[in-house]
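**Q** With these hints in hand, go ahead and build the complete structure from the sequences.
2 protein chains.
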Amino acid sequence: MSVTAARGFRAAGVAAGLKSTGARDVALVVSDGPLDVAAAVFTSNRVQAAPVQWSRQAVADGRARAVILNSGGANACTGPEGFADSHRTAEHVADALELSAQDVLVCSTGLIGVRLPMDSLLAGADAARAALADTEAAGLEAAQAIMTTDTVHKTAATTLPSGAVVGGMAKGAGMLAPQLATMLVVITTDAVVDAATADAALRGATATTFDRVDSDACMSTNDTVILLASGASGIEVGPEELAEGVREVSATLARALVADAEGASHDVHVVVTSATSEDAALAVAREIARANLVKAAIFGNDPNWGRIVAAAGCVPEAVAPFDPARLAVRVNGVQVCRDGGVGEDRSLVDMTPRETLIEVDLGAGDASGDIWTNDLTHDYVEENSAYSS
Amino acid sequence: MSVTAARGFRAAGVAAGLKSTGARDVALVVSDGPLDVAAAVFTSNRVQAAPVQWSRQAVADGRARAVILNSGGANACTGPEGFADSHRTAEHVADALELSAQDVLVCSTGLIGVRLPMDSLLAGADAARAALADTEAAGLEAAQAIMTTDTVHKTAATTLPSGAVVGGMAKGAGMLAPQLATMLVVITTDAVVDAATADAALRGATATTFDRVDSDACMSTNDTVILLASGASGIEVGPEELAEGVREVSATLARALVADAEGASHDVHVVVTSATSEDAALAVAREIARANLVKAAIFGNDPNWGRIVAAAGCVPEAVAPFDPARLAVRVNGVQVCRDGGVGEDRSLVDMTPRETLIEVDLGAGDASGDIWTNDLTHDYVEENSAYSS
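Quick note, the sequences are listed as chains A and B, same order.
Residue numbering for the first sequence follows UniProt numbering, starting at 1 and increasing by one per position.
Residue numbering for the second sequence follows UniProt numbering, starting at 1 and increasing by one per position.
All the pointers check out, no bait thrown in.
Just the calculated beta-carbon pair ranges, DEER-fashion:
#	chain 1	residue 1	chain 2	residue 2	range
1	B	PRO321	A	SER100	29 to 37 angstroms
2	B	PRO161	A	SER44	45 to 53 angstroms
3	B	ALA200	A	VAL319	25 to 33 angstroms
I should point out that these hints are in silico values taken from the structure, not numbers from a laboratory.
Heads up, the beta-carbon is just placed ideally off N, CA and C, and yes, glycines get one too.
**A** Quick look at the structure:
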């Protein structure tokens, strides 16, 4: 049920003193091969943390053997010195594992603008290497070590029809409280695949899972999703089977991020149908998912469809063609808006479940798209106003 | 100090029972000429309230004599019946004032998706007509009648060098709590100007004042800014002088909206300099102003510059070219970020004043731009989660 579910992987999670709480804060995931296939997707923020800059060039050849991850510091906006820290971390781990530094990817999460305590981090890397194991417990400890404000560790695994396995771990205190150093994901598989197939599977999976979770429109400087393939099962897996396995694990982990949004009291699924294109549907869904007035209303158990319609109206017509007079909105199954106007009585809507379903019919085409988000709560404000103090 | 400061205008504000509190809720502003010049700017939301649809076509000829405004209901998403209600309101007021319905503009503010109680509204319009006066008190009562969650009425006036006067009133509970039916503004002048000059002055003024207030990125279905010119001073005013007068009154009213954001504890001025163009500067300023993590940090008196830099990094390079490694950020005068990395100690920043100044230097060009916003607070969440319940 974690990165060690797939054969050919060892992992560890240790406490190195980066977190003031004494909790685990350094994780290491190692592929023992025989393959060293790797793919990765990174944040599109132009301000990229040092570990993202390092890992992007290190994985460019489609190969990696290890990932060293730390919580307790994002190593973002730390200048050339911060990049040197990430480079040095990779070299340190590589030396210990008898690898090239280019085969070691680095991930960090925590506060921006603070240098990492390198002595503690490198000592933690050594301790993690010493603790490496292919057990389920070791995989869980790695997942624990990357937690920040997460209340639970997030892991997933699936066995493909061919018998190959895909496992994974993720961190992210929901996407509602991403703290700008939000989402780190490591997915492993023992399938025999090449780098191009791994890359295609990972990009396809993230586009329909992690990319569709959007709680507060704040894009991280550190987001990283990594796929490592060890080939240890000896089972050759086709592109479609791998894509489906990676997608399934990604979907499970993405849903776990939404469910653990600490500040949140509702998980909100925005589904837009009858759009002229998937992009148009996603643009409308994203605008609704990002509207603070919609999110605050959901916190108040208020099916305020006027705010949903108004958010949809903010999307330019060139992006999502539709006639506002044909809009229909269902909240938790009740059609509160019909033909752009008043529908069923909003008092019929039961807003008490944690999961809120918002369905918007644009009446313009046959395409659809969905986004997951959370509500805007007092706890969100509290958590994010007190983070660095 | 209100719409009656300019000669040739009468106004009134009465209680018609649209608000459950019994407060004033219907306002009327009438130009007695000799001119009937008018210009207006409306929300760009594709979901447009019935009064916006009515007023847009009514003012298309550059002429209007009266504005009837109500709080207690936005008349948005109310279908053909809602439009008929706005039309009927204009006709009712026109009959009483012996005008054409096309010379009467209509504004509404309040909850979306609810029909207006027309009997109460029309009776209120009659009462307002009976109470019309050119006194300062009448102008203030009109400003009071358009308040929703505003804690104070907002008025302004200035005398131009030529002796002509520009006055105005606005409503909006800050822009932080726009309730989607946010901003109504009526500006009056006794200057002798033509419709094209009035239109240019109003568009120029809104572009650099009201359009630069952005508290939560939620665009209203009802936003309307109207300029009426009576010509009653007999003073011919050139385009530049009128533009400056309208801009000054607009700036005063826009700043008053920010200052009265009920949920807010800080007014935040985001100034972006050294951009390649004004549009680029505004795009970066707007992204920062809309970032919930930045806004929540300011609520917590936390000069969290990492979140500011990360928000800037979300703007696509095609929109705002700059090198993240050259970014500099000052918060209340302290340069907390230099060359994209750590600058002065953030503990040097005094965040206790209500006004917070965020200055971002992109190091890319000579253009600049600014946006006003507010912080994200518990009161914002409270107010917006309980609005329609």
